[in-house]
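Peer 1: Sequence:
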Amino acid sequence: MLVHLTISNFAIISRLDINFKPGLNILSGESGAG
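In numbering that gives the first Met the number 0, the protein residues as written are 0 to 33.
No lab work stands behind these hints: they were computed from the structure.
A couple of the hints might just be wrong.
Unchecked claim - Label-pair ranges, simulated between beta-carbon atoms:
1. Ser30 to Met0: 15 to 21 Å
2. Ser7 to Glu29: 24 to 30 Å
3. Asn8 to Glu29: 17 to 23 Å
4. Ile25 to Thr5: 15 to 21 Å
5. Thr5 to Ser27: 17 to 23 Å
Don't be surprised by glycine CBs; every beta carbon is placed ideally from N, CA and C.
Use the sequences and the hints to build the structure in full.
Peer 2: And the structure:
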């Protein structure tokens with residue numbers, strides 16, 4: 000199970016940390032893709 004995601008220096012993202020919780024987690028981009 001995915002519980003944590005870190006993104007750094009990717010496209011326009013300098014750093015992003017996401018902690019996922021049990022259940023449904025949704026990621027959506029500015030364009031609505033995701």
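Peer 1: Each hint should be assessed against the structure and marked as holding or not.
Peer 2: How the hints compare with the structure:
1. Under the hint 15 to 21 Å, the C-beta atoms of serine 30 and methionine 0, about 28 Å apart, miss the expected range.
2. Take serine 7 and glutamate 29: their Cβ atoms lie about 18 Å apart, and the range 24 to 30 Å is violated.
3. Checking the proposed 17 to 23 Å range against asparagine 8 and glutamate 29 shows it holds: the Cβ atoms sit about 18 Å from each other.
4. Range check, isoleucine 25 to threonine 5: Cβ separation about 18 Å, and the 15 to 21 Å hint holds.
5. A C-beta distance of roughly 18 Å is found between threonine 5 and serine 27, which places it inside the suggested range of 17 to 23 Å.
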